[in-house]
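Visitor: Please take these sequences and the hints and turn them into a complete structure.
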Amino acid sequence: MKKFWCLFFMFWPIVALVVCAMAPGMNWWFPGESNSPIGVEIDGLFNLILIIVTIVFIGTQIAFGYVLWKGAHIQKNEKALYTHGSHNLEIIWTVLPCVVMLFIALYQMEVWAKFRVQSTFDQDAVSQPIAEVTARQFEWRIRYPGPDTKFEGKADITDWLKNPRPTDLYTVNDLHVPAGKNVLIHLRSGDVQHSFFVPELRIKQDAVPGTVIPIWFNVDNKTKKYDESIKGFSYELVCAELCGWGHYKMQARVVAQLEDEYKNYLLQLQKEQFDDGVSAESDDDEEEE
Amino acid sequence: MSFRLINSLIVLSFICCSGCDSLFMSSPAEFKLSKRTKSLHGPAKNAVQRNLLDKFGTPVDMKAWERFPINYGSIKGKVKEPGSSTNAFSVSFNNEQEILPENSILRWLTGSFAAAEEDLFRDIPIESYSAETGEIVLAKKLSEDPKEGDQFIINPGFVLQHGRKLYMTHCLHCHGVSGDGNGPTSEYLNPRPRDYRDGVFKFTSTLSTEKVSHADLQRIVKKGIPGTYMPSFMLLKDDELEAILSYVQWLSSRGELEKKMVAELEADYSTAAVRSRKKEGETSEAISKELQELLSVEFSETVDGLATEVAETWTRANSKESLVVPKISRVPDSPESRQKGRELYLSNKAKCATCHGPKGIGNGPETKLFRKIPGTNKEYDQPGLFDMWDKHVKPRDLTRGIYRGGRRPIDLYSRVYSGIKGTPMPAFAGTLTDEEIWHLTNYVMSVPFEGQSSHATETEKVSQK
Ligand SMILES: [Cu+2]
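Protein chains in written order, with the numbering used here: chain W, 4 to 292; chain Y, 131 to 595.
Hints in this document: simulated from the structure, not taken from any laboratory. Hints should not be assumed to be uniformly reliable.
Calculated cross-link-like contacts (lysine-lysine; reagent style DSSO-like; alpha-carbon spacing at most 30 Å) [claimed, not checked]:
1. W/K184 / W/K274
2. Y/K208 / Y/K175
3. Y/K270 / Y/K210
4. W/K165 / Y/K270
5. W/K6 / W/K73
6. Y/K367 / W/K207
7. W/K153 / Y/K193
8. W/K234 / Y/K470
9. Y/K367 / W/K274
10. Y/K193 / Y/K277
11. Y/K479 / W/K227
12. Y/K352 / W/K165
13. Y/K524 / W/K165
14. W/K228 / Y/K352
15. Y/K165 / Y/K208
16. Y/K185 / Y/K271
17. Y/K193 / W/K165
18. Y/K508 / Y/K481
19. W/K274 / Y/K193
20. Y/K470 / W/K274
21. Y/K498 / Y/K521
22. Y/K352 / W/K207
Guide: Pasting the structure below:
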């Protein structure tokens, strides 16, 4: 019976391993292939950590199994071993994880810096942010600078973030970006904490009340299908910070478009936003004639 | 030790779940009667309740009254001729039908199957339908051939049911089961979620005397109402949006009918009215008898008439005549036009400043006055303006540049032309000319940017494009 329990408890880690090994192939749980270059690098880090954790998992499970198995062979009259612990063991299992952690910390620094440290950002993208995204309960409000706006330096951008301009264009839950180049948006919150999460682009950034946080990304649409109806490639944008009763409602989309289509989109948006209910009507009438 | 810990955790989570249960599930969802209905004399109240139950059912067991122009999703038709076997026959639909939705079901309205006691042949799954031959094949054999002219309905209330499900998921926690704007989270919101039962909607593109149009509702649900807690539901699919709107319109029609029925009975048969009539010497038997007669003879006709009135307002709101269309296009946005707008804004003719304040921050003298509660002699305990739902409402702070009804020039034009329904913001269709409204619009749109001289001219460029 004792041996049965040994085998029983060894059986489950093995099942877990088999299932995990099958997961990527069967597309279980994994977020699919990344559609941004930085996403590929982040996936690299993820996989590295996954491998390390797997090795540790196998090692510890074998150790556990060994201890169990040995315990199962203890005779009834045998006395338990009394120990004050082992210095050597303590040192090994403190130092080893430290080394591994340190390695991970150093190894990921470059990717982290690329993603989060503002001085490393692509200056072209920084100098012309494409939108301000405001998370609020329970939607994403988006403000684009007018299509003709050219920012003149950092102060001008700061001013734009503080003071909306008459030419700005507004949408909600629908962020359009040009594909295939580095773009920058400014994220803020209108009320509580939210998190801007685009799983397929591997972007996750908290929106914190009171601060404006720049996020850059680059959508390369590597594995994405073109969606004719929206003239672009659509990615799900969700909120990843429980923010209230309607948290689940904060579903939106990021649409990556080719340069021309993106420009057309903004022009169309501009036309709609400045619709006076008369001029557009007459346009329609002309078409009918 | 550790085992006990786990045990108590499990129990804890159990308690949590049953807690939630009692919050949301314990009683089946039901429609509440309005306060005014409850103030009716017993039998009159029961009559209103019975009529609502007859015509609309409950949220669990809904009824689709075809009097209203609501898309319930039902497809009606009749048998043209029996086919090769008892489960196949050719049909003609009231409206041409290219395809039928998957998993459609058929219910007999007339003929021997409809009359049959047992439900055996009531809701029968449809296996296939071909528009070419007009033949329907049922998944089940009937006991005999249907007769020519037998009427049936396909997918009764299909869209309404879909709408109910989506409404419960997305809207209920604010707008409430009965659509009374009293969902569990509504208490914490200002402005409060809309009470659909009045059939009054604020941000419309229709004349001030008309209801909300279908396009307005679509726009509101897709874009949300910026500056309030009405969120955007941009990503709803078209059929989902239509389903939700059917349900909202259904709730709204139900509430309106309730209100109209009460208005019909209130004068003579509210609890208070009955009491004072008794005081004046009428016997309670006489009153009961009179009410009895009224309810048994005329009332069902009255209800029918009231429903028709409600239905007509919905239909009319979608007609071209109800739409606000400026007679001239927007006056180009220039400093002169803004100046004229500014003068109008301060003038006695438009009186905008009396509410919105000279600087547009929503602090005009009207907001300092104490007002009487309508229908009473008492004053509100707070100075300022109140909407038809008796809630305090501030004139909009125009410097913030947040427009709940939309920021297009046509939106602002409609706001001034038709007012904001249900609120003190008046309609200026009669007092101001088109040109004046455009000057005002140009001015209002420039208010948020006052003091930002460097960008002041940018709007001009855009508006002239
Ligand atoms: Cu959120």
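Visitor: Which of the stated hints cannot be reconciled with the structure, identified by number in ascending sequence?
Guide: Going through the list in order, the structure violates hints 2, 4, 7, 8, 11, 15, 16, 17 and 19 and respects the others.
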